[in-house]
Amino acid sequence: MTEIQNDSLFSYEEDERLTVSIEEIMAEKTSDLKKLKRLKSLENTVYSQISRCHIEYYLKKLREAERRRIQGFICMVIVAAYFVFMLCRVFWYFNPGYNPFSSSKSITITDLIVFIYLIPIAIIVYRLINRFLYQSLLKNAKRFL
470 MTEIQNDSLF
480 SYEEDERLTV
490 SIEEIMAEKT
500 SDLKKLKRLK
510 SLENTVYSQI
520 SRCHIEYYLK
530 KLREAERRRI
540 QGFICMVIVA
550 AYFVFMLCRV
560 FWYFNPGYNP
570 FSSSKSITIT
580 DLIVFIYLIP
590 IAIIVYRLIN
600 RFLYQSLLKN
610 AKRFL
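Under the numbering used here, think of the first position of the sequence shown as 470, with each following residue one higher.
Please note that a few of the clues may not be correct.
To be verified - With a straight-line cut-off of 35 Å between C-alpha atoms, the simulated DSBU-like cross-links for lysine-lysine are:
#: 1; residue 1: Lys608; residue 2: Lys530
#: 2; residue 1: Lys506; residue 2: Lys530
#: 3; residue 1: Lys509; residue 2: Lys529
#: 4; residue 1: Lys530; residue 2: Lys503
#: 5; residue 1: Lys608; residue 2: Lys529
#: 6; residue 1: Lys498; residue 2: Lys509
#: 7; residue 1: Lys503; residue 2: Lys529
#: 8; residue 1: Lys530; residue 2: Lys509
#: 9; residue 1: Lys498; residue 2: Lys530
Calculated directly from the structure, the hints in this document are not laboratory data.
All figures in this text were calculated on a predicted structure; none of them were measured in a lab.
Construct all of the structure, not just a fragment, from the sequences and the given hints.
Okay, structure coming up:
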């Protein structure tokens with residue numbers, strides 16, 4: 470065999486062994502951070518470019534999943550803050566005496582606009598209840614199947 474054929478054969482064999490190792494790492498029930506560390510340490514043991522790209526694909530996939538989780542958390546914090554703000558505005562509309570920001574105790578047109586906040590509150594509550602109930606029902610259904 471020529472040197473090029475030996476090199477491609479070595480790359481192929483290394484990639485096959487690597488695929489088994491990566492599948493074992495990805496199938497583990499550990500955190501993504503531990504999977505990232507194991508994949509990085511596995512990356513240092515390979516020599517061919519195709520194997521490095523193979524590992525880099527899974528590293529990129531895990532980083533993207535972590536980034537999506539962080540974005541989801543930030544979105545949930547923003548939605549929760551907006552939800553609390555809307556609840557306070559609605560409460561202050563019905564109880565103007567408790568509003569610490571109102572200089573006058575009479576109801577104005579601005580206070581009537583607060584009713585617009587009831588629509589997003591209803592939608593958010595519906596979505597949250599629907600999501601959590603659906604997930605719990607789905608878990609129960611998987612347990613019995």
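Tested hints:
no.	hint	in the structure
1	Lys608 x Lys530	holds, 26 Å
2	Lys506 x Lys530	holds, 14 Å
3	Lys509 x Lys529	holds, 11 Å
4	Lys530 x Lys503	holds, 14 Å
5	Lys608 x Lys529	holds, 29 Å
6	Lys498 x Lys509	holds, 18 Å
7	Lys503 x Lys529	holds, 14 Å
8	Lys530 x Lys509	holds, 13 Å
9	Lys498 x Lys530	holds, 17 Å
The structure shown violates none of the earlier numbered hints.
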